[in-house]
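Protein chains: 2
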Amino acid sequence: MPSNQQILLDNRPQGEASTSNFKLVATETPALQDNQVLVKHHYLSLDPYMRGRMNDGKSYAQPQPLGEVMIGGTVGEVVESKHPRYAVGDAVVGMGGWQQYSVVDASVPGALRKVDTSKVPLSHYLGAVGMPGVTAWYGLVKIIAPKPGETVVVSAASGAVGSAVGALAKARGCRVVGIAGGPDKCAYVKNELGFDDCVDYREHKDYTSLAKALKVACPNGIDGYFENVGGMVLDAVLLRTNAFARIAVCGMIAGYDGQPLPLANPALILVNRLKVEGFIVSEHMEVWPEALTELGELVGSGKFRPRETVAEGIAAAPEAFLGLLKGKNFGKQLVKLV
Amino acid sequence: MPSNQQILLDNRPQGEASTSNFKLVATETPALQDNQVLVKHHYLSLDPYMRGRMNDGKSYAQPQPLGEVMIGGTVGEVVESKHPRYAVGDAVVGMGGWQQYSVVDASVPGALRKVDTSKVPLSHYLGAVGMPGVTAWYGLVKIIAPKPGETVVVSAASGAVGSAVGALAKARGCRVVGIAGGPDKCAYVKNELGFDDCVDYREHKDYTSLAKALKVACPNGIDGYFENVGGMVLDAVLLRTNAFARIAVCGMIAGYDGQPLPLANPALILVNRLKVEGFIVSEHMEVWPEALTELGELVGSGKFRPRETVAEGIAAAPEAFLGLLKGKNFGKQLVKLV
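Keeping their order, the protein sequence lines are chains L and V.
The first sequence begins at 89 in the working numbering and counts up by one.
The second sequence begins at 89 in the working numbering and counts up by one.
Treat each hint with caution, since some may be false.
Pairs count within a copy or across copies, as identical chains cannot be separated in the list.
Unchecked claim - Derived pair list, reagent style DSSO-like, types lysine-lysine, alpha-carbon separation capped at 30 Å:
no.	residue 1	residue 2
1	K230	K363
2	K111	K235
3	K424	K363
4	K293	K202
5	K278	K300
6	K235	K170
7	K258	K363
8	K391	K293
9	K128	K230
10	K424	K300
11	K235	K416
12	K414	K363
Hint data in this document are derived by calculation from the structure and do not stem from the laboratory.
These figures come from a predicted structure and were not determined experimentally.
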């Protein structure tokens, strides 16, 4: 029965989240029941959606309960098993939460998934070949549905979802333009991820200025937009949309602390006959196999090589998470636990 | 060569439109060329989209040119024909504009359409069985796509488009709730048009108050919304949408004078996984036959009996149009020209 360090949600943020919202505790892992598996986590995934769960308001998901282990995706290895299909040493991905170990009822469909680490490194199953990758795939393929030659823009382009949107859109013959914060991220988006261009929103103090930069980066207008941030960036993109553009709304991180986030000119939805659609990837499990196959091939073949930012040890998770919300990470934000 | 009174766009509105933007002139109708038809207009249609055409800014359609006859739908009779398929006395619908007569090249596809007035009165081909009706049909059937038992809300519910949305949604087994301005319109929407309920937006000074009234009228939430007005009404409806609700954006009349019209909480698009789609009925000609068949049956059978507001004589058109923009009309706004 190994000792298990865990991070609980201790109290809810008033406005901006802080490390004092979390609490580190230690317990012992319990003895296994039939069908249960003990997983030792190698990596914990940190994702923007977790900020929404910390609030108590109505949203698409239940709030994270106070005093319980923070929700989160994990990859690791089976270290003890009372389920016939799982053996010690199996590499698995699941939703183990912010802790070193988890006990999983492996008979629950979707609770645990074995993964092949021969071509794709284990950590990527939390990023490009995991939930963020499938999120990118769904919004791009099912909502934006781009045609070759169209221009696709994605915000938070250097992040786990944004980088995958870029790789998938390039594979479909699109012009791909990122929006990111700061010259380093923009250079990474262009030079390493292979986007056609990237606009640094921090160089612009209002949306009309940002829209001018987008006009230069998107000389043929914008046909598809993958939205991760909201606010000024969305206002700017709307000004440059072509007729019949499609906007997949995946996140609006700019409003996660509760500040008002109005849209300046919704009449553009009519003027440009836009389709704007919000989605949550966990409600579209039917696409996961097809999406993961394509993403696994892109990563396995080396065509898509996203960076990771790795914090060390469970105690570093809250600080790393707050950094993610402020855009301090480069690519997928992980916590290494072993 | 009869004398033809016409109304031209003389100058563009600065803010609110006024009668001084228009000019009444008289000309003679020219002699016909081959394939041309001379139509004597019985009714001119006045519609909110015309306000958009009066502006010079970028929109989905070219601005109305200055010094030319205002664009507009017309119904009338053929009084002279040099086209083999049209005979004197034929009842026809077209885009004759704000004038008493028009000369139409009947060989241009879609320029003129013969209509049957045995069951449907001629004027209704400008409303319920014309462009406004097909607009309602497209937004409801192709974007909202309601299931029986779902709740559909429509703004400007007493108008030509809104009333048709209600009739079509009732025919599909939906709970139908209108939003309209003033107790008389709300009584008409409920008692004559047969909506399940109607909310008077004028009783509410902000969108949270209006949202509370919508909660009472829509106890199971809102699954589909047909948007004609924008502004506070849209903000209120968004607060009451169910997961996966669909919003067809047909008009945003609240912003036609150029004032800013922000959307308070676009994050609801994500939280409730909404689909918001703008459309223009003239870009979907493929649905017109199916839509007109259903609308003609609803009107012909007496199931759908929309009111009309009729101004008398071409000179009355500008005043009637400005009244339409302020919601003074009851149902379809027409100008009777004979």
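Going down the list of hints, with the structure as the test:
1. Both within a single protomer and between protomers do K230 and K363 lie at most 30 Å apart by alpha-carbon distance, with minima of 12 Å and 13 Å respectively.
2. Proximity of K111 to K235 under the C-alpha cut-off of 30 Å is found in neither arrangement, the shortest distances being 48 Å within a copy and 47 Å between copies.
3. Within a single copy, K424 and K363 get their C-alpha atoms no closer than 40 Å, and across copies no closer than 38 Å, so neither meets the 30 Å cut-off.
4. Proximity of K293 and K202 under a CA criterion of 30 Å is satisfied in neither setting, with 47 Å inside one chain copy and 56 Å between copies.
5. Taking the closest pair of Cα atoms, K278 and K300 come within 30 Å of each other only inside a single copy of the chain (19 Å); across copies the shortest separation is 48 Å, beyond that limit.
6. Taking identical chains as interchangeable, the C-alpha atoms of K235 and K170 are never at most 30 Å apart, the minima being 49 Å within one chain and 46 Å between chains.
7. In this homomeric assembly, K258 and K363 come within 30 Å of each other (Cα to Cα) both inside a single copy, at 22 Å, and across copies, at 26 Å.
8. Taking the closest pair of Cα atoms, K391 and K293 never come within 30 Å of each other, the shortest separation being 35 Å inside a single copy and 56 Å across copies.
9. In this assembly of identical chains, K128 and K230 lie within 30 Å of each other by CA distance neither inside one copy nor across copies; the values are 35 Å within and 50 Å between.
10. Taking identical chains as interchangeable, the C-alpha atoms of K424 and K300 are never at most 30 Å apart, the minima being 41 Å within one chain and 48 Å between chains.
11. Taking identical chains as interchangeable, the C-alpha atoms of K235 and K416 are never at most 30 Å apart, the minima being 33 Å within one chain and 46 Å between chains.
12. For the homomeric pair K414 and K363, the shortest alpha-carbon distances inside one copy (29 Å) and between copies (29 Å) are both at most 30 Å.
In the structure shown, a violation is registered for the earlier hints numbered 2, 3, 4, 6, 8, 9, 10 and 11, in ascending order.
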